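Chains as they are written, first to last, in our numbering: chain X, 33 to 156; chain H, 2 to 121; chain Z, 123 to 280.
Be a bit skeptical, because a hint or two may be false.
On the chain H side, residues computed to face chain X include the following (Cβ under 7 Å) [stated by the list, open to error]: (1) 7; (2) 53; (3) 68; (4) 69; (5) 83; (6) 97.
Now the stretches of chain H that chain Z is said to cover, found in silico as 3 or more residues with beta-carbon under 8 Å [as the list claims (entries may be wrong)]: (7) 15-22; (8) 29-35; (9) 42-51; (10) 70-76.
Within a straight-line C-alpha distance of at most 30 Å, the following computed DSS-like cross-link-like pairs (lysine-lysine) qualify [to be verified]: (11) 187/Z to 247/Z; (12) 187/Z to 177/Z; (13) 195/Z to 177/Z; (14) 93/H to 247/Z; (15) 177/Z to 247/Z; (16) 195/Z to 93/H; (17) 187/Z to 93/H.
Hints in this document: simulated from the structure, not taken from any laboratory. Note that this is a predicted model, so its numbers are computed, not measured. Just so it is clear, CB atoms sit at the ideal spot from N, CA and C, and this is done for glycine as well.
Read off the chains here:
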Amino acid sequence: MNAATILSSSISFALAALSLGLLLTVLRILRGPTLPDRVLGLDMLVAIAIGLIAVLAIKSGFNLYIDIAIALGLVGFLATVAFARFILARGLSPEKDAGAGLPVPGAQKLKRGKSARRNKKGAR
Amino acid sequence: MTGDPDMLTAVAVSALLVIGSLFSVLAALGLLRFPDLYTRMHAASKAGTIGSGLLLLAAGIHAMDIAILLRALAGFAFFVLTAPLSAHLLAKAAHQAGYRLTNLSVTDQLPQPAPKSRPH
Amino acid sequence: MTFLAVNLLLMLTWAAVSGSFTVHNLLLGFAVGALSLWLVREQFAAARLRVRPLKLLLLVALFFKELSLSAIKVAILVVRPNMRLRPGIFAFPLSLTRDFEITLLANLITLTPGTLSVDVSDDRKTLYVHALDCHDPAAERRAISGGFERRIREAFPL
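Produce the entire structure from the sequences given, and follow the hints as far as they go.
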């Protein structure tokens, strides 16, 4: 057991775990059921991507990656804040039934964006 | 072999890598398993932050350069400062928009704002 | 003088982040720090506060302890096959009055085990906290007011 093997095996472990994490988060984003859930998934996606970039920085030896991770963190934070403002402004209307955390059938989910836009037009 | 500085940093970096990635994957699992938005937020804002923070710290230590380590620490501090802010904003927005808590919930003492008519 | 101290701190942060401690870079950092302080000068002038450094250090230590405990607790909760959650939002009566203290408390609460601050009432007297285990709100309230709230009050005396 020398230093290099320990490091490379733990890097492999970390990469595998983070990939699994990304997969689980994408599953949550696809499943929804509500818009805030998806926004939270996006936030988590950014957090895991930052971790992934840090691991890549170790694996490749390019320390520049750390700056990229920090920049990604900034952008992700701003994106989440903007989405939160958007949720506040938009309100609940298009998905009233989904509030209790129950899964929404897939067909309804795919049409959600369109129907929301239509609702807004109707209100005007 | 022990006491060798190379070995020491390798072990420290490996431990941080393993622990950080475990926290990240558990946060993602929590995102999937918890019943509603508010409980999911617990997983994302705590375990997620710690996970990516530890990984960043591992990268900083591995570089063996004080400037890089300081940069990684600054990034870590930044995540720890912003994660609760975004969680709080999202929770507040969701609650004000009217997304309800899960049926398992025992109490909700935050008054729901009266539904306003949206401006055109 | 606080302004100068903060500016110097910003300069050092700049040098650390940009990764070089040359005189030119330090001067540039000082200029950028002064510029950013000038941008927030009104908020900064309002917040003239006294700090007890030792108590602040205690607060930071408590924070990191609670943060690691909280991450471990959530991680354990996630892998448990049968999550027995009793989530809910409880109201926490604030005894802190200044805005930055409330912000600090809300952030600290979010990063501690099982609690997440959701909202502050308009009159800034009540903090609404979401808890993963909310069957005993009174105990949670006691824990917050005896822990973080007391430490914040000690670190930033009026």
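Subject >> Hints that the structure is at odds with (numbers, increasing) >> reply: Numbers 3 and 7, in rising order.
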